[in-house]
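Hey, can you work out the whole structure from these sequences and the hints?
Numbering-wise, the working numbering puts 540 at position 21 of the sequence shown, and it's gapless, one number per residue.
Just so you know, these hints were derived from the structure itself, not from any lab. Keep in mind that this is a model prediction, so the values were computed, not measured. Take the hints with a grain of salt, since some may be wrong.
[Unchecked claim] Under the rule of at most 30 Å between Cα atoms (straight-line distance), these lysine-lysine pairs were calculated in the DSSO-like manner:
id : residue 1 : residue 2
1  : Lys656    : Lys631
2  : Lys643    : Lys631
3  : Lys552    : Lys539
4  : Lys541    : Lys552
5  : Lys652    : Lys559
6  : Lys583    : Lys559
7  : Lys643    : Lys675
8  : Lys644    : Lys541
9  : Lys675    : Lys644
10 : Lys636    : Lys675
11 : Lys631    : Lys652
12 : Lys559    : Lys531
13 : Lys656    : Lys693
14 : Lys643    : Lys583
15 : Lys656    : Lys636
16 : Lys552    : Lys531
17 : Lys583    : Lys652
[Claimed, not checked] Now the in silico label distances, taken between C-beta atoms and shown as ranges:
id : residue 1 : residue 2 : range
18 : Thr654    : Asp605    : 35 to 43 Å
19 : Ser574    : Gln619    : 22 to 30 Å
20 : Asn596    : Arg686    : 47 to 55 Å
21 : Gly677    : Pro637    : 52 to 60 Å
22 : Gln701    : Glu666    : 25 to 33 Å
23 : Lys675    : Asp605    : 31 to 39 Å
24 : Met641    : Asn569    : 48 to 56 Å
25 : Lys675    : Ile523    : 13 to 21 Å
26 : Asn569    : Gly671    : 43 to 51 Å
27 : Gln619    : Thr565    : 24 to 32 Å
C-beta: ideal position from N, C-alpha, C; glycine also.
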Amino acid sequence: MSDIRIARRYAKALIAIADKDKSHESVARDLDKVVEGLAKEPSIATALSNPTIRSRTKAEVVRKIASSLMLRPSTTNFLLVLNEHDRLGDLTAIRNEFAQRLDVIQGRVRAKVTSAKPLTIMDKKRVEDALRKATGKMVLVDTAVDERLIGGVVTKMGNLVLDGTVRTQLDTLKSRLHQVFQ
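Next up, the structure:
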């Protein structure tokens, strides 16, 4: 079974668990904490994904991680189930799929806005408002800076890319001029 299918299956199950007590956001935060923690400690992540290490040993590590991060019992139990099925290595993909499903449930979309200079709070608010009007959904904006853009912004929402940068306009003009003079 492909990794994405596995991630979807487990994320769907975790959504169902979170539905029972409406703990979606808490579970999402728990997953983020675990994934971020494992990214900072790659040796632990590698050990948890290693099929030659006994499941019982990995379960002890999972419990210690859960305790130190103060995870919800339902999240801890979910991680232990992943361990039993030797799927801890799929945790990042499961977390990503869970976040996507949660966004759909809660009627929100994520947008990545890249600009030549850092956006002010007001600029970010204007972008959020414009995207909310365009989509009819709550928009969570993540910003990034790429000085090569010269000016303007690139907005990515799912498969949609809106490019209003000076760099793209100059590249388009250059391409048209090449066509005219060839």
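Here is what the structure says about each hint:
1. Lys656 to Lys631: Satisfied, since the Cα-Cα distance of roughly 15 Å is no more than 30 Å.
2. Lys643 to Lys631: holds, 11 Å
3. Lys552 to Lys539: holds, 22 Å
4. Lys541 to Lys552: Judged against 30 Å, a Cα distance of about 19 Å means the pair holds.
5. Lys652 to Lys559: With Cα atoms ~38 Å apart, Lys652 and Lys559 exceed 30 Å; violated.
6. Lys583 to Lys559: With Cα atoms ~16 Å apart, Lys583 and Lys559 stay inside 30 Å; holds.
7. Lys643 to Lys675: holds, 14 Å
8. Lys644 to Lys541: Cα-Cα ~28 Å, so holds.
9. Lys675 to Lys644: holds, 16 Å
10. Lys636 to Lys675: Holds - the C-alpha atoms of Lys675 and Lys636 are around 17 Å apart, at most 30 Å.
11. Lys631 to Lys652: holds, 17 Å
12. Lys559 to Lys531: Given that 30 Å is the threshold and the Cα spacing comes to 27 Å, the pair holds.
13. Lys656 to Lys693: Given that 30 Å is the threshold and the Cα spacing comes to 37 Å, the pair is violated.
14. Lys643 to Lys583: violated, 39 Å
15. Lys656 to Lys636: holds, 26 Å
16. Lys552 to Lys531: Roughly 20 Å separates the two Cα atoms, so the pair holds.
17. Lys583 to Lys652: Status violated; Cα separation ~45 Å.
18. Thr654 to Asp605: 35 to 43 Å: The hint (35 to 43 Å, Cβ to Cβ) holds, given that Thr654 and Asp605 are roughly 39 Å apart.
19. Ser574 to Gln619: 22 to 30 Å: holds, 29 Å
20. Asn596 to Arg686: 47 to 55 Å: holds, 49 Å
21. Gly677 to Pro637: 52 to 60 Å: violated, 24 Å
22. Gln701 to Glu666: 25 to 33 Å: Holds: the Cβ-Cβ distance is about 31 Å, inside 25 to 33 Å.
23. Lys675 to Asp605: 31 to 39 Å: holds, 34 Å
24. Met641 to Asn569: 48 to 56 Å: With Cβ atoms ~49 Å apart, the hint holds.
25. Lys675 to Ile523: 13 to 21 Å: With Cβ atoms ~20 Å apart, the hint holds.
26. Asn569 to Gly671: 43 to 51 Å: Since Asn569 and Gly671 have Cβ atoms about 47 Å apart, the given range 43 to 51 Å holds.
27. Gln619 to Thr565: 24 to 32 Å: holds, 26 Å
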